[in-house]
Amino acid sequence: MSPGIEVQGLTKSYARAKSPALAGVSLEVHEGEVFGLVGPNGAGKTTFMGCLLGLLFPTAGSIRVGGRAPDDLELRRATGYLPERLQFDRWMTGRGFLDFHHCLAGLRPSQRAGEVTALLERVGLEPAHWQSPIKKYSRGMLQRLGMAQALLGEPRFLFLDEPASGVDPAGVLAFREILTDLKQRGTTVILNSHQLDQLERVCDRVAYIEGGAIKQIENLRQGEVGRRVLVVRWLATDVATAFEAIASQVGARALEVAPERARVAIADDAQAAALLRALHAAGYPVVEAAPESGRLERLFRKGEGA
Amino acid sequence: MRPGSAVSTRGRPTVLLVLAAVLLIARVGTGIYDARHPPPLGGLVKWRAPDDAAATAEGKPVLYDFSAAWCEPCKRMEREVFANPESAALIDASYVAVRVADEDQSAAAKALRARHRVDSLPTLVVQPAGEGEPRRLEGYAGRGSVRSFLKRALEAKQPTMPPLPELEGRDKN
Amino acid sequence: MSFAVLRALIVATWRERLLRPLFGGLCLVFCFSEISAARLTHELQDPVLILTLLIGAGSVGKDVSSGVLPLLFTRPLVRSRYVLAKWLAVGSAVTVLTALTLLGEALVLARADLGVPRAEVTAAIFQSASTVFGISSVLVFFSVLLSSFADALLWIGLSVVPQIGHRFVGQRIAEEWQAFLYPSLEWSATFDHPVAWFRVFSYFSTVTLCLCLAVLAVNRKELSYASG
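Respectively, the protein sequence lines represent chains A, B and C. Read the first sequence against this note's numbering and you will find it ends at 306, with the numbers running on by one and no gaps. Read the second sequence against this note's numbering and you will find it ends at 173, with the numbers running on by one and no gaps. Read the third sequence against this note's numbering and you will find it ends at 228, with the numbers running on by one and no gaps.
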């Protein structure tokens, strides 16, 4: 049984809806992968997450998370969830809330104080606010607290629904660090977000969901050689050497070559500089060389492929 | 995580289900048993008729039981209080017991009902031996409440202000 | 699921329900008014009904309408234990308040030389406790089905029906209806000989049935923050 997440033919229809919220979604998320979900509002992303978490029950299909059913007790111990716009028990203090969930998660009381403090620091919540009631928290603070409770017990599966919504840039950076750290620990993360550039930075793969079905899955980590993809444009010209040859000369890998542009996977800045020098030497009138972005944006533009 | 040991967070509450089923059967069973084994009419108490003039002249406080054959709480009071040897003995010893059944449409019965403003069943009214306000208990809230009502009616001192009828007995049914 | 989790849920429910200044104050005011009423009527007044409705209303429904339940259910928490925790929390809180009120009344009456025998006070506390746990089992069941405080409103609505409609539905049915909504155990019916078995089984049957139905309903409940 796969230690990741396996979804087969997941269908979810609500009683009075005309069309199903999810229509035969099949997906496999590998262990340790950071998997993103994008799509327009109402596409079914939160419904999908609800099914994976055992909060919603599929009309048809099967789901296995870590080889277990979504409502399995052991699985709950290894799961963390940050809902979009999380609601809190407003009368509790920030710390009290984490203590409460620490206890519910079945974690050891002797380590509670230490672990809760560490989490509060990790999400960047100021100590002055730890003992104030949650009803006085700002949007960004609420989101940080929400992230903290999701990280309780170092879960193996983390479900984040719009984690950075309402968070200031410092918070966004902190969250990105947390995600990188989680990735190193081998946590499987499902990330639902509208912030495409953030997704591009952290995710391994991203699924585009529309109308309750997965339309496309983008693999953002293509190319073992490079961690970055450079897009190079040049003016039309007659050149002797082919682009691929020049790229492989400097150790980069050309992913896609078109008449006046190319996508090339490069390892680092030094390689990028070497590539540009070589192109110049070969007579390419390079106009622009920029890191690739907007791959995910293209999914939202109708009629365009990846 | 061992896939073999699977406990669901939405597991069926087997113990509770079994308990609920067993108790429901017991409830229905005892209900049927009680219906089939009604206590003797009148229980163990020596009831007088409403028009028995000698009843009020005996010097003991009079206990009027306004009840009906169709009234369920009356039947329960019958079974649990009047058919109970201890309670029946208490009543016979300290009171003159008069039963005014709803089916009894004689003049005496109607007069009693009107005098004591009986509008719900069962109603118990204690008329003290000498001068004194009658005390009443409406509804049947259990053997204990009837017993304490009877005991208190015997020991009653004159209250400093006339008790309001609605507060003297609570209809817990 | 360990005892610690059950206890954490119960304590959280107590704190949520009793430490709200408005509600807590209302309960205290009510208890004191019952004690004063006892002085006037020379009898023990039973504050059970109002207190149970005040404290027990929306035990599960409030968690649903305030949106905290979905997150709670992603924790390693068996849902049936959650229902049990709510029932125990409401039952125990109201029982303690009621017992204190009854003891207060007994003291007040004793000082006015209208002493109530200890046995009667014990019987009253026993009956109140049984009523509390009884009604709160019904309320918890309604609360799983309805959100916010609608469970208390439903209870009140349903309990008025037999009062008005007993001529239409028949005495027996009205009796059973009332016994379902207001389960109660009387001391002498339970412990004195002969035991009123029908009453005893009736009470426990109602309580277990309501809790059972509540658990079955909560197991089937779908919770989501979903709108898209």
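Quick caveat, the hints were computed from the structure, so don't treat them as lab data. Fair warning: this is a prediction, and the values are worked out from it, not measured in the lab. Note that beta-carbon positions come from the ideal geometry of N, C-alpha and C, so glycine has one too. Wrong hints could be hidden among the right ones.
[As the list claims (entries may be wrong)] Label pairs and their in silico Cβ distance ranges:
1) B:Gly-31 x A:Tyr-14: 25 to 31 Å
2) C:Phe-32 x A:Pro-169: 27 to 33 Å
3) A:Ser-19 x C:Phe-23: 40 to 46 Å
4) B:Arg-36 x C:Leu-28: 47 to 53 Å
5) C:Val-11 x B:Ala-21: 28 to 34 Å
6) C:Arg-39 x B:Gly-31: 36 to 42 Å
7) C:Val-108 x B:Ala-21: 17 to 23 Å
8) C:Glu-222 x A:Arg-108: 50 to 56 Å
9) A:Phe-57 x C:Trp-14: 41 to 47 Å
10) A:Tyr-14 x B:Arg-12: 20 to 26 Å
11) C:Ala-4 x A:Pro-133: 53 to 59 Å
12) C:Leu-28 x A:Tyr-14: 40 to 46 Å
13) B:Val-22 x C:Trp-14: 30 to 36 Å
Hint by hint, here is what the structure shows:
In this structure the hint that Gly-31 of chain B and Tyr-14 of chain A lie 25 to 31 Å apart at CB is violated, the actual value being about 42 Å. Distance hint check for Phe-32 of chain C and Pro-169 of chain A: the Cβ-Cβ separation is about 55 Å, which falls outside the suggested range of 27 to 33 Å. Distance hint check: the CB atoms of Ser-19 of chain A and Phe-23 of chain C are about 44 Å apart, consistent with the given range 40 to 46 Å. Separation of Arg-36 of chain B from Leu-28 of chain C is about 49 Å and conforms to the stated range, judged on CB atoms against 47 to 53 Å.
Hint check: Val-11 of chain C to Ala-21 of chain B, Cβ distance near 32 Å, so the stated range 28 to 34 Å holds. Between Arg-39 of chain C and Gly-31 of chain B the C-beta distance comes to about 40 Å, which sits within the given range of 36 to 42 Å. Taken as a hint, the range 17 to 23 Å is violated for the pair Val-108 of chain C and Ala-21 of chain B, whose Cβ atoms sit roughly 45 Å apart. Distance hint check: the CB atoms of Glu-222 of chain C and Arg-108 of chain A are about 32 Å apart, inconsistent with the given range 50 to 56 Å.
Phe-57 of chain A and Trp-14 of chain C have their C-beta atoms about 32 Å apart, which leaves the hinted 41 to 47 Å range violated. As the Cβ distance of Tyr-14 of chain A to Arg-12 of chain B is approximately 25 Å, the hint placing it in 20 to 26 Å holds. Distance hint for Ala-4 of chain C and Pro-133 of chain A: a CB-CB separation of about 24 Å, inconsistent with the stated range 53 to 59 Å. Between Leu-28 of chain C and Tyr-14 of chain A, the C-beta spacing of about 45 Å keeps the proposed range 40 to 46 Å intact.
For Val-22 of chain B paired with Trp-14 of chain C, a C-beta distance near 32 Å keeps the hint of 30 to 36 Å intact.
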